[in-house]
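S.K.: Sequence:
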Amino acid sequence: MQATDKSDRVVYWGTGRRKSSVARVRLVPGTGQLTINGRPGDLYLQFNPSYLASAKSPLETLGLENEYDILVNAHGGGLTGQADSIRLGVARALCELDPENRKPLKVEGYLTRDPRRKERKKYGLHKARKAPQYSKR
1 MQATDKSDRV VYWGTGRRKS SVARVRLVPG TGQLTINGRP GDLYLQFNPS YLASAKSPLE
61 TLGLENEYDI LVNAHGGGLT GQADSIRLGV ARALCELDPE NRKPLKVEGY LTRDPRRKER
121 KKYGLHKARK APQYSKR
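FYI, the numbering for the sequence shown is 1 to 137, going by the working numbering.
Because the hints were derived from the structure by calculation, they are not lab data. Please note that the accuracy of each hint is not assured.
Stated by the list, open to error - Here are the simulated distance ranges between beta carbons: (1) 137 with 42: 52 to 62 angstroms; (2) 108 with 20: 45 to 55 angstroms; (3) 13 with 100: 35 to 45 angstroms; (4) 32 with 115: 23 to 33 angstroms; (5) 127 with 31: 17 to 27 angstroms; (6) 53 with 107: 14 to 24 angstroms; (7) 69 with 126: 40 to 50 angstroms; (8) 134 with 32: 52 to 62 angstroms; (9) 106 with 132: 25 to 35 angstroms; (10) 38 with 65: 15 to 25 angstroms; (11) 122 with 76: 23 to 33 angstroms; (12) 13 with 126: 14 to 24 angstroms; (13) 31 with 107: 21 to 31 angstroms.
To be verified - Cross-link-like lysine-lysine pairs, in silico, DSSO-like; alpha carbons within 27 angstroms at most: (14) 106 with 56; (15) 56 with 127; (16) 118 with 106; (17) 56 with 118; (18) 19 with 136; (19) 130 with 19; (20) 121 with 136; (21) 19 with 118; (22) 106 with 19; (23) 56 with 103; (24) 122 with 136; (25) 130 with 118; (26) 122 with 19; (27) 56 with 19; (28) 127 with 19.
Even glycine gets a Cβ: it sits at the ideal position worked out from N, Cα and C.
Let's have the full structure, built from the sequences with the hints guiding it.
M.R.: Here's what the structure looks like:
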């Protein structure tokens with residue numbers, strides 16, 4: 001969804017989800033900074049290079065890494081789920097920015113929501129699949 005903020009800058013929104021994580025992403029014209037829940041992105045993602053690369057990869061695919069600031073509200077899950085949900089949110093916001101961006105992002109797989117979730121626990125088992133020890137007698 002395209003909107004304007006208080007300073008009349010154009011803002012592009014995208015929502016990403018992975019496991020139990022949800023990230024509401026805003027793309028604002030800027031210098032390429034990543035801010036997650038009001039903290040610098042590298043600090044929030046614990047300076048983990050794979051999480052940072054995952055979050056910024058849609059922008060790098062299109063060559064826009066220094067054109068837009070990424071502002072994120074993320075909650076739920078752990079850092080892996082949040083980083084991947086940020087990636088999906090950024091990709092969706094970029095599609096809103098320009099519909100021509102959809103094809104290269106789709107080819108890279110950035111617009112596909114990862115459907116894997118935690119398997120539910122079944123009765124008679126300790127966890128989803130862990131069974132009690134077998135006893136012959």
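S.K.: Indicate, hint by hint, whether the structure satisfies it.
M.R.: Tested hints:
A beta carbon spacing of about 59 angstroms between residue 137 and residue 42 agrees with the range 52 to 62 angstroms that was offered as a hint. The given range of 45 to 55 angstroms is broken by residue 108 and residue 20, whose C-beta atoms sit roughly 24 angstroms from each other. A hinted range of 35 to 45 angstroms is violated for the C-beta pair residue 13 and residue 100, which are about 19 angstroms apart. Checked against the given bound of 23 to 33 angstroms, the beta carbons of residue 32 and residue 115, roughly 30 angstroms apart, stay inside it.
Between residue 127 and residue 31, the C-beta spacing of about 46 angstroms breaks the proposed range 17 to 27 angstroms. Distance hint check: the CB atoms of residue 53 and residue 107 are about 18 angstroms apart, consistent with the given range 14 to 24 angstroms. For the hinted restraint 40 to 50 angstroms between residue 69 and residue 126, the CB-CB distance of approximately 46 angstroms keeps it satisfied. At about 57 angstroms, the beta-carbon gap between residue 134 and residue 32 stays in the expected band of 52 to 62 angstroms.
At about 46 angstroms, the CB distance of residue 106 to residue 132 disagrees with the hint of 25 to 35 angstroms. Take residue 38 and residue 65: their Cβ atoms lie about 22 angstroms apart, and the range 15 to 25 angstroms holds. Between residue 122 and residue 76 the beta carbons are some 24 angstroms apart, a value that agrees with the proposed interval 23 to 33 angstroms. Range check, residue 13 to residue 126: about 42 angstroms between beta-carbon atoms, so the 14 to 24 angstroms window is missed.
Distance hint check for residue 31 and residue 107: the Cβ-Cβ separation is about 27 angstroms, which falls inside the suggested range of 21 to 31 angstroms. The hinted pair formed by residue 106 and residue 56 meets the criterion: a straight-line CA distance of about 16 angstroms does not exceed 27 angstroms. Distance check on the hinted pair: residue 56 and residue 127 sit about 36 angstroms apart at the alpha-carbon level, beyond 27 angstroms; violated. Of the pairs offered as hints, the one joining residue 118 and residue 106 holds, with about 26 angstroms between alpha carbons and a cut-off of 27 angstroms not exceeded.
Straight-line distance between C-alpha atoms of residue 56 and residue 118 comes to about 26 angstroms, which keeps the hinted pair within the 27 angstroms bound. Taking the CA atoms of residue 19 and residue 136, the gap is near 39 angstroms; set against the 27 angstroms cutoff, the hint is violated. Of the pairs offered as hints, the one joining residue 130 and residue 19 holds, with about 21 angstroms between alpha carbons and a cut-off of 27 angstroms not exceeded. A threshold of 27 angstroms between alpha carbons decides the hint, and for residue 121 with residue 136 the separation of about 25 angstroms falls inside it, so the pair holds.
A hinted pair counts as satisfied when its Cα atoms are at most 27 angstroms apart, and residue 19 with residue 118 qualifies at roughly 7 angstroms. For the given pair, residue 106 sits about 20 angstroms from residue 19 by alpha-carbon distance, which is consistent with the 27 angstroms threshold. For the hint linking residue 56 to residue 103, the alpha-carbon distance of about 18 angstroms falls within 27 angstroms, and the restraint holds. Restraint check: the Cα-Cα separation between residue 122 and residue 136 comes to about 23 angstroms, which is no more than 27 angstroms; the hinted pair holds.
Proposed proximity of residue 130 and residue 118 is supported: the alpha carbons are some 14 angstroms apart, at most 27 angstroms. Distance check on the hinted pair: residue 122 and residue 19 sit about 19 angstroms apart at the alpha-carbon level, within 27 angstroms; holds. With a C-alpha separation of about 19 angstroms, the suggested pairing of residue 56 with residue 19 holds against the 27 angstroms cut-off. This hinted pair checks out: residue 127 and residue 19 have alpha carbons roughly 18 angstroms apart, not beyond 27 angstroms.
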